[in-house]
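Given chain W, work out where chain U should sit, using these hints.
Here is how the chains run, residue by residue.
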Amino acid sequence: MVTYLFILFATLAIAAALAMVLNRSTVNSALFLVLNMLSIAGIYLLLKAQFLAVVQVLVYAGAIMVLFLFVIMLLNVEDEEAVLDKINFRYIISVILGVVVLSYLLYIAGSMADALPPVAEDMAQVGTVEAIGDELFSTYILPLEITAILLTAAVVGAIMMAQHKFK
Amino acid sequence: MSPELVTSLIIAFVALFVVLNTAAIVVFAERRLAGFIQNRPGPNRVGPIGILQPLADVLKLLFNEDITPIYGRKALHTIAPIIPVITAIAAIAVIPFATGVVASDINVGVLYLLAVTSMGVYGVTLGGWASNSKYSLLGGLRSAAQMVSYELPMGIAVASCVLYAASLNMVEIVDSQEFWWNVFRNPIGFVIFIIAAFAEANRAPFDLVEAEQELVGGFHTEYSGMKFGTFFLAEYMHVVIGSMLIVTFFFGGYHLPFAGYWLPEMSETATIILDLIVFSVKTLFFVFLFIWVRWTLPRFKFNDLMNYSWSRLLPLGIINFVVIASAIMIYNNYFS
Numbered sequence: 000m001v002t003y004l005f006i007l008f009a010t011l012a013i014a015a016a017l018a019m020v021l022n023r024s025t026v027n028s029a030l031f032l033v034l035n036m037l038s039i040a041g042i043y044l045l046l047k048a049q050f051l052a053v054v055q056v057l058v059y060a061g062a063i064m065v066l067f068l069f070v071i072m073l074l075n076v077e078d079e080e081a082v083l084d085k086i087n088f089r090y091i092i093s094v095i096l097g098v099v100v101l102s103y104l105l106y107i108a109g110s111m112a113d114a115l116p117p118v119a120e121d122m123a124q125v126g127t128v129e130a131i132g133d134e135l136f137s138t139y140i141l142p143l144e145i146t147a148i149l150l151t152a153a154v155v156g157a158i159m160m161a162q163h164k165f166k
Numbered sequence: 000m001s002p003e004l005v006t007s008l009i010i011a012f013v014a015l016f017v018v019l020n021t022a023a024i025v026v027f028a029e030r031r032l033a034g035f036i037q038n039r040p041g042p043n044r045v046g047p048i049g050i051l052q053p054l055a056d057v058l059k060l061l062f063n064e065d066i067t068p069i070y071g072r073k074a075l076h077t078i079a080p081i082i083p084v085i086t087a088i089a090a091i092a093v094i095p096f097a098t099g100v101v102a103s104d105i106n107v108g109v110l111y112l113l114a115v116t117s118m119g120v121y122g123v124t125l126g127g128w129a130s131n132s133k134y135s136l137l138g139g140l141r142s143a144a145q146m147v148s149y150e151l152p153m154g155i156a157v158a159s160c161v162l163y164a165a166s167l168n169m170v171e172i173v174d175s176q177e178f179w180w181n182v183f184r185n186p187i188g189f190v191i192f193i194i195a196a197f198a199e200a201n202r203a204p205f206d207l208v209e210a211e212q213e214l215v216g217g218f219h220t221e222y223s224g225m226k227f228g229t230f231f232l233a234e235y236m237h238v239v240i241g242s243m244l245i246v247t248f249f250f251g252g253y254h255l256p257f258a259g260y261w262l263p264e265m266s267e268t269a270t271i272i273l274d275l276i277v278f279s280v281k282t283l284f285f286v287f288l289f290i291w292v293r294w295t296l297p298r299f300k301f302n303d304l305m306n307y308s309w310s311r312l313l314p315l316g317i318i319n320f321v322v323i324a325s326a327i328m329i330y331n332n333y334f335s
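Line by line, the protein sequences are chains W and U. With numbering that gives the first Met the number 0 applied, the first sequence corresponds to residues 0 to 166, in that order. With numbering that gives the first Met the number 0 applied, the second sequence corresponds to residues 0 to 335, in that order.
Extracted from the complex, chain U is given alone in its bound form:
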């Protein structure tokens, strides 16, 4: 194997390990923060401050009986929970974590990312269909409609970031933000992206897919045991990866604010360590934001959800894109 391949594999596996464990910790953090926001303790019995709660949850799920509905599709019912996990793992491949630390530096990185995330919808939709239950089916259908609708504003918001970098390569997008983060240059794009990211992760206020008042459990009504656990894991992996994408596209990735102006040159190792710390802190902040929003905002109605995407976010995104494109063209032609 070539040295580049070995480096890529090492980075990919370490990143995978970190993301999987972060997902487990986020589950715990969510429950504790929910408790804090609702003025109750939350799980605090297993281990010090309840930190071993995810472990206990997984053990419980492992010993649950695994049920497939009799008239359901057994094969699809089994495959469905795996799909969102695969897409979440595949997305890690192109995210740059520090200077030079990226598993795969491909020149269509942004498109790859959008393509991979667009495949995630199959898991929820098929899970709903294969359960042979009206509640699950409705959850699955909602998810299909919602994901397709929110992919467009998300794509356009990302495209407006691509304009600044003039490249579809993730590393170049991050490096274009060394002086000014995209959130300062493209605030409307950021708002659109973060809303779409919440919707794509099926998180409140867009968790219509599992609206318990209307649909019992939504798409995972008929799931139990580790299959349900896999869906659960996928949701939190998507939270972590959604936060990473927000950081990468709009908050300068591994760059400190305005780093190009004041940050002195450092040795390679020091840069990588600083980058990793900066990236993790930013990611954790957005994970916190995901949790915070979930326990603060009420859920949308479904028709509002669709209207919001098609008649608000999408036109706004297109206008934002055209304005930024024209501004960049005028700047390049007349001022530089």
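If we strip away everything but chain W, and leave its shape as in the complex, we get:
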């Protein structure tokens, strides 16, 4: 079961990443990036890193990409010329070949259902909120505080630059 989910998420992540790079429409690219982030969050979940998975969705897919989309829509970036203008013969053939290859891959994958080793018991505890919180606020407290100050400084700087009176 875990192996199948991994194959699903991994394929989805790679396909979304490719689609993001190859797509001519900026909005579509941004959306494929969201899909990519969601599938990577799925892989984190399979590795029992719940905190990382949820934060990935919350911060990257839920907040940062919304701002990306916001800017793209606000600037109203023109699309470049589409690669696939309309459904032509080559497109149909490539889809059929793609389905054939994919089904063959899945057939192979089906014969090794438990290929992935299970996540070790002590590793499963590393990804919980409690474990990460303990580490962040004891061992790594200095880097954490420095990062926080850096981010605050960046935010203040951005606001300063956004004000036109700033010389």
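Because the hints were derived from the structure by calculation, they are not lab data. Glycine included, each C-beta is placed from N, C-alpha and C at the ideal position. No false leads were mixed into what you were given.
Computed, partial: chain W to chain U, Cβ under 8 Å:
#1 GLN49
#2 PHE50
#3 VAL53
#4 VAL54
#5 LEU57
#6 GLY61
#7 LEU68
#8 MET72
#9 LEU73
#10 THR127
Label pairs and their computed distance ranges (CB to CB):
#11 U:ILE78 <-> W:LEU101: 16 to 26 Å
#12 U:LYS300 <-> W:VAL98: 51 to 61 Å
#13 U:SER335 <-> W:LEU66: 40 to 50 Å
#14 U:LEU255 <-> W:VAL98: 56 to 66 Å
#15 U:LEU58 <-> W:LEU143: 53 to 63 Å
#16 W:ALA14 <-> U:PRO2: 31 to 41 Å
#17 U:PRO2 <-> W:LEU7: 22 to 32 Å
#18 W:ALA153 <-> U:LEU19: 43 to 53 Å
#19 W:LEU101 <-> U:LEU58: 36 to 46 Å
#20 W:GLU120 <-> U:PRO47: 52 to 62 Å
For chain U alone, kept in the frame of chain W given last:
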């Protein structure tokens, strides 16, 4: 399948069924209450006291012609209405309805909830973009800005509740309120949360997204038929789920007020039945509040809306959080 999985699935499907039907009834309740508040009858012709009105509405929407703007993005235009429904459904998974009745008892429940609700904005934004219309686009942009802005105060208000429970698990947050509801321990957090919940559900006085005086229909100007119906359904599902979240985080979930002090031990079945009744009554009250506010308060201006979030709610939320955190630390160190 393991027994836990089966129980989870049963709870999830029953909850889904109830929420979907409640959403339909809320549509009817909203129109009747709007009529009552504006001193007119409201829809009262279809069935006894008009209760079958939602059914008639859906039938009408099903027979409407489904139009996609010629230069719009057809695929995105179709996908967009589905997204807010999915996020609303996904949020149900971690809400505890009664003692032991929760579809998925995960230890990052609160973060999951915030993550899922933060994805809902894509539906409205993409719907506005894919319509290829200036009004829709403006509605979509407003929604993106508004949702991102109000997520922060909401997150901080929730974080101040997490402090009392010392856990991100939804069940533990509810159980931490057995003696004192969070609304008594954290009133400022409650005010911030309820305002942010109204904004996140795109409800008046924060429904700038579909301000009809300025934007015709806002993001759904170019939507018709069942696609519009799906957006409509999503809005009312978000009202129901927003009410559930207010109840869960601030009104003790399924606990009666100060239940820990006076409520006697009961058998398991009796507890679950009582819990379900208490939870539903509280949720329905907040659904009523959502409707009541919509027909009472006028709409904000957009610049006021943004100012209100960034320069009022957010600083207030941070101060509230720090004060509560310090108070809890002092209490734990010196008084217990």
